[in-house]
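Residues in the sequence shown are numbered from 28 upward in steps of one, following the working numbering.
If you're looking for bench data, these hints aren't it; they were derived computationally from the structure.
Incorrect hints may appear among the rest.
To be verified - FRET-style restraints, in silico, Cβ to Cβ:
no.: 1; residue 1: E44; residue 2: T64; range: 22 to 28 Å
no.: 2; residue 1: S32; residue 2: I54; range: 16 to 22 Å
no.: 3; residue 1: A39; residue 2: K62; range: 18 to 24 Å
no.: 4; residue 1: R50; residue 2: L74; range: 31 to 37 Å
no.: 5; residue 1: K30; residue 2: K58; range: 16 to 22 Å
no.: 6; residue 1: K30; residue 2: R50; range: 25 to 31 Å
no.: 7; residue 1: H46; residue 2: N68; range: 27 to 33 Å
Said to hold, decoys possible - In silico lysine to any residue, SDA-like type, Cα no more than 25 Å apart, as pairs:
no.: 8; residue 1: K62; residue 2: A39
no.: 9; residue 1: K62; residue 2: Y40
no.: 10; residue 1: K62; residue 2: D48
no.: 11; residue 1: K58; residue 2: E44
Glycine included, every Cβ here is placed at the ideal spot set by N, Cα and C.
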Amino acid sequence: MGKYSLPEMPYAYDALEPHIDARTMEIHHTKHHQKYTDGMNGALEKLSPE
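Let's have the full structure, built from the sequences with the hints guiding it.
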(Lines of atoms letter the chains of each structure in order from A and count residues from 1; the text may use other names and numbers.)
(Lines give C-alpha, C1' and ligand atoms only; values in the text may rest on other atoms or scores of the structure.)
Protein backbone atom coordinates (compact mmCIF):
# COMPACT_ATOMS: atom_id res chain seq x y z
CA MET A 1 0.00 0.00 0.00
CA GLY A 2 1.28 3.47 -0.84
CA LYS A 3 2.25 6.01 1.75
CA TYR A 4 0.49 9.27 2.34
CA SER A 5 2.52 12.46 2.07
CA LEU A 6 1.96 15.98 3.27
CA PRO A 7 0.59 18.03 0.37
CA GLU A 8 1.88 21.48 -0.43
CA MET A 9 -0.36 24.33 0.64
CA PRO A 10 -2.20 25.86 -2.35
CA TYR A 11 -1.51 29.33 -0.93
CA ALA A 12 1.09 31.12 1.19
CA TYR A 13 1.05 30.77 4.97
CA ASP A 14 0.27 34.48 5.29
CA ALA A 15 -2.68 34.38 2.86
CA LEU A 16 -5.26 34.29 5.66
CA GLU A 17 -3.89 37.21 7.67
CA PRO A 18 -5.13 39.09 9.63
CA HIS A 19 -7.56 36.32 10.63
CA ILE A 20 -4.93 33.59 11.03
CA ASP A 21 -1.28 34.59 11.28
CA ALA A 22 1.42 33.04 9.11
CA ARG A 23 3.26 31.39 12.02
CA THR A 24 0.10 29.59 13.18
CA MET A 25 -0.53 28.35 9.64
CA GLU A 26 3.07 27.18 9.28
CA ILE A 27 3.05 25.32 12.60
CA HIS A 28 -0.29 23.69 11.86
CA HIS A 29 0.84 22.54 8.42
CA THR A 30 4.44 21.48 9.11
CA LYS A 31 3.98 20.05 12.60
CA HIS A 32 0.35 19.06 13.28
CA HIS A 33 -0.69 17.98 9.80
CA GLN A 34 2.65 16.18 9.31
CA LYS A 35 2.08 14.27 12.56
CA TYR A 36 -1.38 13.14 11.37
CA THR A 37 0.13 12.01 8.07
CA ASP A 38 2.92 10.11 9.83
CA GLY A 39 0.39 8.51 12.19
CA MET A 40 -1.75 7.31 9.30
CA ASN A 41 1.27 5.80 7.56
CA GLY A 42 2.31 4.08 10.79
CA ALA A 43 -1.16 2.63 11.34
CA LEU A 44 -1.35 1.35 7.77
CA GLU A 45 2.08 -0.23 8.11
CA LYS A 46 0.96 -2.14 11.21
CA LEU A 47 -2.19 -3.35 9.46
CA SER A 48 -0.49 -4.60 6.32
CA PRO A 49 3.21 -5.31 6.87
CA GLU A 50 5.08 -6.28 3.72
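Checked hints:
1. E44 x T64: 22 to 28 Å: 25 Å, holds
2. S32 x I54: 16 to 22 Å: About 19 Å separates the Cβ atoms of S32 and I54, which means 16 to 22 Å holds.
3. A39 x K62: 18 to 24 Å: At 22 Å between Cβs, range holds.
4. R50 x L74: 31 to 37 Å: 36 Å Cβ-Cβ, so the 31 to 37 Å window holds.
5. K30 x K58: 16 to 22 Å: Between K30 and K58, where Cβ atoms are some 19 Å apart, the hint holds.
6. K30 x R50: 25 to 31 Å: 28 Å, holds
7. H46 x N68: 27 to 33 Å: With a Cβ separation near 31 Å, H46 and N68 satisfy 27 to 33 Å, so the hint holds.
8. K62 x A39: 20 Å, holds
9. K62 x Y40: 18 Å, holds
10. K62 x D48: The hint holds at about 21 Å.
11. K58 x E44: Satisfied, since the Cα-Cα distance of roughly 20 Å is no more than 25 Å.
Going through the hint list in order, the structure satisfies each hint without exception.
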